Amino acid sequence: MKIVALCGVGIGTSAILKVNAERALARLDIEADVTATDVAGVKSVGFDAQVILTSSELVEAIGKTNADIVVIDNYFDVDELVAKLETALG
Amino acid sequence: MPLPPLPTDAIAIGVHVDDWRGAVAAAGDALERSGSTSPEYTKRMIGVIDEFGAYVVIAPGLALAHARPGPDVHTEGLSVVTLAEPVAFGHPHNDPVSVVLGLAVTSGDEHVLLVAELANVFNDPHVIPALAAATDVDSIRSLLGVTAPPEEQQ
Numbered sequence: 001m002k003i004v005a006l007c008g009v010g011i012g013t014s015a016i017l018k019v020n021a022e023r024a025l026a027r028l029d030i031e032a033d034v035t036a037t038d039v040a041g042v043k044s045v046g047f048d049a050q051v052i053l054t055s056s057e058l059v060e061a062i063g064k065t066n067a068d069i070v071v072i073d074n075y076f077d078v079d080e081l082v083a084k085l086e087t088a089l090g
Numbered sequence: 001m002p003l004p005p006l007p008t009d010a011i012a013i014g015v016h017v018d019d020w021r022g023a024v025a026a027a028g029d030a031l032e033r034s035g036s037t038s039p040e041y042t043k044r045m046i047g048v049i050d051e052f053g054a055y056v057v058i059a060p061g062l063a064l065a066h067a068r069p070g071p072d073v074h075t076e077g078l079s080v081v082t083l084a085e086p087v088a089f090g091h092p093h094n095d096p097v098s099v100v101l102g103l104a105v106t107s108g109d110e111h112v113l114l115v116a117e118l119a120n121v122f123n124d125p126h127v128i129p130a131l132a133a134a135t136d137v138d139s140i141r142s143l144l145g146v147t148a149p150p151e152e153q154q
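Protein sequence lines correspond, in order, to chains G and E.
If you count the first sequence from 1, position 63 lands on 63 in full-length UniProt numbering, and the numbers rise without skipping.
If you count the second sequence from 1, position 42 lands on 42 in full-length UniProt numbering, and the numbers rise without skipping.
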């Protein structure tokens with residue numbers, strides 16, 4: 001399974017989202033590959049992703065996708081990531 | 001792996017700013033003072049928010065200002081700015097912001113450990129309000145679990 005963590009420039013915030021998404025997936029005992037990317041790369045990196053994690057601010061920039069877009073409010077709240085990933089993947 | 005030492009020049013406490021641009025500029029100024037970046041990087045951090053919106057406000061009260069690596073980044077760096085009065089960045093959930101981190105990296109790969117450690121620190125929800133309330137650089141360092149650089153230690 002593939003999950004994409006998206007931010008504007010592909011470093012910094014998306015890397016934090018990736019780290020904490022991996023912690024949430026470990027807690028859920030789900031195996032998935034989490035890739036950090038930027039808005040410019042989400043079309044190519046995200047085409048086969050099941051879930052795109054991002055901020056509400058960037059949802060419009062994603063455009064058309066088959067992936068579930070999951071908006072994360074607090075990137076440091078692993079409980080929020082666990083709950084939202086469980087819903088999206090369950 | 002702990003975060004790298006945080007120079008006093010990279011910390012600014014109780015800064016007065018008018019708006020989010022001033023807040024990001026203060027984080028950029030601190031990166032410049034500590035020798036990590038040149039002024040062009042500060043402009044690029046503001047440009048990221050102009051282009052993509054307030055997504056850099058990644059938790060309640062906290063903005064992680066950053067831009068891509070570039071020639072205006074001399075060394076990897078982190079700065080910490082607390083605001084005297086919180087300002088709105090335009091984020092639907094996490095405004096207003098009282099703590100701004102400035103992050104500068106020289107390549108996309110090298111910062112992963114640094115960012116993982118930042119995530120460790122901020123997984124504790126008490127850290128952001130405690131940083132916002134801190135009144136001296138030692139408290140800031142202690143909350144982040146970092147030391148002063150060797151040249152600043154007695």
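Worth flagging that the hints you see were computed from the coordinates, not collected in a lab.
Quick caveat, the model's predicted, so the values are computed rather than measured.
The beta carbon of each residue, even a glycine, is placed where N, CA and C say it ideally should be.
Wrong hints could be hidden among the right ones.
Unchecked claim - Pair by pair, the computed Cβ-Cβ distance ranges are: (1) G:D29 - E:D124: 17 to 27 Å; (2) E:D19 - G:L89: 18 to 28 Å; (3) E:P150 - G:K43: 24 to 34 Å.
As the list claims (entries may be wrong) - Sample of chain G residues facing chain E (criterion: CB under 7 Å; computed from the structure): (4) I16; (5) L58; (6) V59; (7) G63; (8) T65; (9) N66.
Claimed, not checked - Chain E is faced by these chain G residues, among others (derived, beta-carbon under 8 Å): (10) G10; (11) V19; (12) A40; (13) V82; (14) A83.
Hint-by-hint comparison with the structure:
Distance hint check: the CB atoms of D29 of chain G and D124 of chain E are about 24 Å apart, consistent with the given range 17 to 27 Å. Between D19 of chain E and L89 of chain G the beta carbons are some 39 Å apart, a value that contradicts the proposed interval 18 to 28 Å. A hinted range of 24 to 34 Å is violated for the C-beta pair P150 of chain E and K43 of chain G, which are about 46 Å apart. For I16 of chain G, the interface hint holds, since its Cβ comes within 7 Å of a Cβ in chain E; the closest pair sits about 5 Å apart.
The beta carbon of L58 of chain G comes within 5 Å of a beta carbon in chain E, closer than 7 Å, and the hint placing it at the interface holds. Taking 7 Å as the C-beta cut-off, the interface hint given for V59 of chain G is violated, the closest approach to chain E being about 10 Å. The interface hint given for G63 of chain G is broken, as the beta carbon of that residue sits about 14 Å from the closest beta carbon of chain E, more than 7 Å. Residue-level restraint check for T65 of chain G is violated (minimum Cβ-Cβ distance to chain E is 17 Å; threshold 7 Å).
Look at N66 of chain G: its Cβ only gets to about 22 Å from chain E, farther than 7 Å, so that hint breaks. The restraint placing G10 of chain G at the interface with chain E holds, with a minimum CB-CB distance near 7 Å, inside the 8 Å limit. Below 8 Å, beta-carbon pairs count as interface contacts, and V19 of chain G has one with chain E at about 5 Å; its hint therefore holds. The criterion of a C-beta within 8 Å of any C-beta in chain E is not met by A40 of chain G, whose closest approach is roughly 11 Å, and the hint is violated.
Nearest Cβ of chain E to the Cβ of V82 of chain G: about 12 Å, over the 8 Å cut. The hint is violated. Of the supplied interface hints, the one on A83 of chain G is violated, with its beta-carbon coming no nearer than about 15 Å to a beta-carbon of chain E, more than 8 Å.
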